[in-house]
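Protein chains: 2
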Amino acid sequence: MTDDAPTLPPIRLPEGRALPAGMTLRRPDAEDHASVVAVIPEWWGLPAGTRLTALLPRLFFQHFSDRSFLAEDASGLAAFLIGFHSSAQPEVAYIHFVGVRPDVREAGLARTLYEAFFAEAVAAGRRRVDAITGPSNRRSQSFHRSMGFEATGTAEVDGVLAWLDYDGPDEHRVAFTRRIGPPTP
Amino acid sequence: MTDDAPTLPPIRLPEGRALPAGMTLRRPDAEDHASVVAVIPEWWGLPAGTRLTALLPRLFFQHFSDRSFLAEDASGLAAFLIGFHSSAQPEVAYIHFVGVRPDVREAGLARTLYEAFFAEAVAAGRRRVDAITGPSNRRSQSFHRSMGFEATGTAEVDGVLAWLDYDGPDEHRVAFTRRIGPPTP
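Protein chains in written order, with our numbering: chain A, 1 to 185; chain B, 186 to 370.
Treat the hints as calculated values from the structure; they're not laboratory data.
You may find that some hints are simply not true.
One-sided and incomplete, this derived list gives chain B residues near chain A with beta-carbon spacing under 7 Å [stated by the list, open to error]: (1) Glu216; (2) Ser220; (3) Val222; (4) Ile225; (5) Thr235; (6) Ala239; (7) His248; (8) Phe249; (9) Ser250; (10) Asp251; (11) Phe269; (12) Ser271; (13) Gln274; (14) Gly353; (15) Glu356.
Between beta-carbon pairs, the in silico distance windows are [said to hold, decoys possible]: (16) B/Pro199 / A/Trp44: 12 to 22 Å; (17) B/Ser331 / A/Glu106: 15 to 25 Å; (18) B/Thr235 / A/Ser136: 36 to 46 Å; (19) B/Gly234 / A/Ala155: 40 to 50 Å; (20) B/Pro232 / A/Pro182: 49 to 59 Å.
All residues carry an ideal CB built from backbone N, CA and C; glycine is no exception.
Extracted from the complex, chain A is given alone in its bound form:
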């Protein structure tokens, strides 16, 4: 299979950031794919049985685990961030999918994961982080703004600026971007 466990870089939390007591952070691996996919309907408040697996195929856990994080506590999976550094755009890092278990929200955990991702991206020479979300996902939009991202788009969709047909017909998206690292001279 394609699930050989590679040796992945250790995780260091950004200065001044800590995880909630009893929580640990590690790199995901392919075996984590099923448990992450399983929590999505509940964490996103979707009807039971909703399948969003096509948005988060196993390949992300096989090939981009070196830039991704998974947080666990005594209750199991607590949060995850799946991201990668762009191959075609050497200055860009991309955050693809992030989730935090509802009972541990509002504790700064997503912020800590983002800042850990930013710090690794800066260390690897990246200068910008991109992410997208759906026009109706107000929580995600608010979070990205609070993290210093700017939203871009071409038209108003559901009351927010979004890119029409960004991910295919009727798949409109709000695109977020944020500079990271030292200011450009």
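With chain A fixed as given, assemble chain B onto it according to the hints.
Below, chain B alone, put in the same frame as chain A:
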């Protein structure tokens, strides 16, 4: 937006391989996403209006265009190969999505795209290429075998060896792998 056009490596065809007369090969970019997504139902023989956009989001055209190919002729889009080099597994390259327009099939075009991908992967130090397909996709399975891939799996699904729930519940897949480059000493 996230569509800054990066400078991408030039494409060289493997020795002994040529494109059909009048066909050219280039790297895709984000603007090609819509036209590739649009041909999928027809090229795959799916009902009109079938949407598989979640399998091929725009991010592949933004961030992995440097390892991907798009072939065009007088009729427009003729073929594409979307792949990348694994970030977490430095020996692995991955072919994610490949399509050839029905009227130019059986001319060796997919083989040429695969061999061009193999050659670039070897040049970048990769030793293995992975790909997956659905248990019912006999054409893809036959093609991968003819290209020297070995299929792996854990159970028989639709008459072929496949990995159960590989990409989520009921998302069984046949996994293919192939060594590339000089034999391991």
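How the hints compare with the structure:
1. The beta carbon of glutamate 216 of chain B is not positioned within 7 Å of any beta carbon in chain A (closest approach about 12 Å), and the interface hint is therefore violated.
2. For serine 220 of chain B, the interface hint is violated, since its Cβ never comes within 7 Å of a Cβ in chain A; the closest pair sits about 11 Å apart.
3. Given hint, valine 222 of chain B at the interface with chain A, holds; its Cβ is 5 Å from that chain's nearest Cβ, closer than 7 Å.
4. With 7 Å as the threshold, the beta carbon of isoleucine 225 of chain B stays out of range of chain A, its nearest partner Cβ sitting at about 10 Å, so the hint is violated.
5. For threonine 235 of chain B, the suggested interface contact is broken, since its CB lies about 11 Å from the closest CB of chain A, more than 7 Å.
6. Against a cut-off of 7 Å between C-beta atoms, the interface hint on alanine 239 of chain B holds, since the closest Cβ of chain A lies about 4 Å away.
7. Proximity of histidine 248 of chain B to chain A holds as hinted, the smallest CB-CB distance being about 4 Å (cut-off 7 Å).
8. Checking phenylalanine 249 of chain B against chain A: minimum C-beta separation of about 5 Å stays under 7 Å; hint holds.
9. Proximity of serine 250 of chain B to chain A holds as hinted, the smallest CB-CB distance being about 5 Å (cut-off 7 Å).
10. The interface hint given for aspartate 251 of chain B is met, as the beta carbon of that residue sits about 4 Å from the closest beta carbon of chain A, less than 7 Å.
11. Because the beta carbon of phenylalanine 269 of chain B sits about 6 Å from the nearest beta carbon in chain A, less than 7 Å, this interface hint is met.
12. Annotation: interface hint on serine 271 of chain B holds; nearest CB of chain A at approximately 4 Å, less than 7 Å.
13. The interface hint given for glutamine 274 of chain B is met, as the beta carbon of that residue sits about 5 Å from the closest beta carbon of chain A, less than 7 Å.
14. This hint holds: glycine 353 of chain B has a C-beta 3 Å from the nearest C-beta of chain A, less than the 7 Å allowed.
15. Proximity of glutamate 356 of chain B to chain A holds as hinted, the smallest CB-CB distance being about 6 Å (cut-off 7 Å).
16. Taking the beta carbon of each, proline 199 of chain B and tryptophan 44 of chain A are about 45 Å apart, not inside 12 to 22 Å as hinted.
17. For the pair serine 331 of chain B and glutamate 106 of chain A, the beta carbons lie near 55 Å from each other, so the given range of 15 to 25 Å is not met.
18. At about 24 Å, the beta-carbon gap between threonine 235 of chain B and serine 136 of chain A misses the expected band of 36 to 46 Å.
19. Our hint of 40 to 50 Å for glycine 234 of chain B and alanine 155 of chain A is violated, since their Cβ atoms are close to 23 Å apart.
20. In this structure, proline 232 of chain B and proline 182 of chain A meet the distance hint of 49 to 59 Å, their C-beta atoms being roughly 52 Å apart.
The structure is inconsistent with the numbered hints 1, 2, 4, 5, 16, 17, 18 and 19, although it conforms to all the rest.
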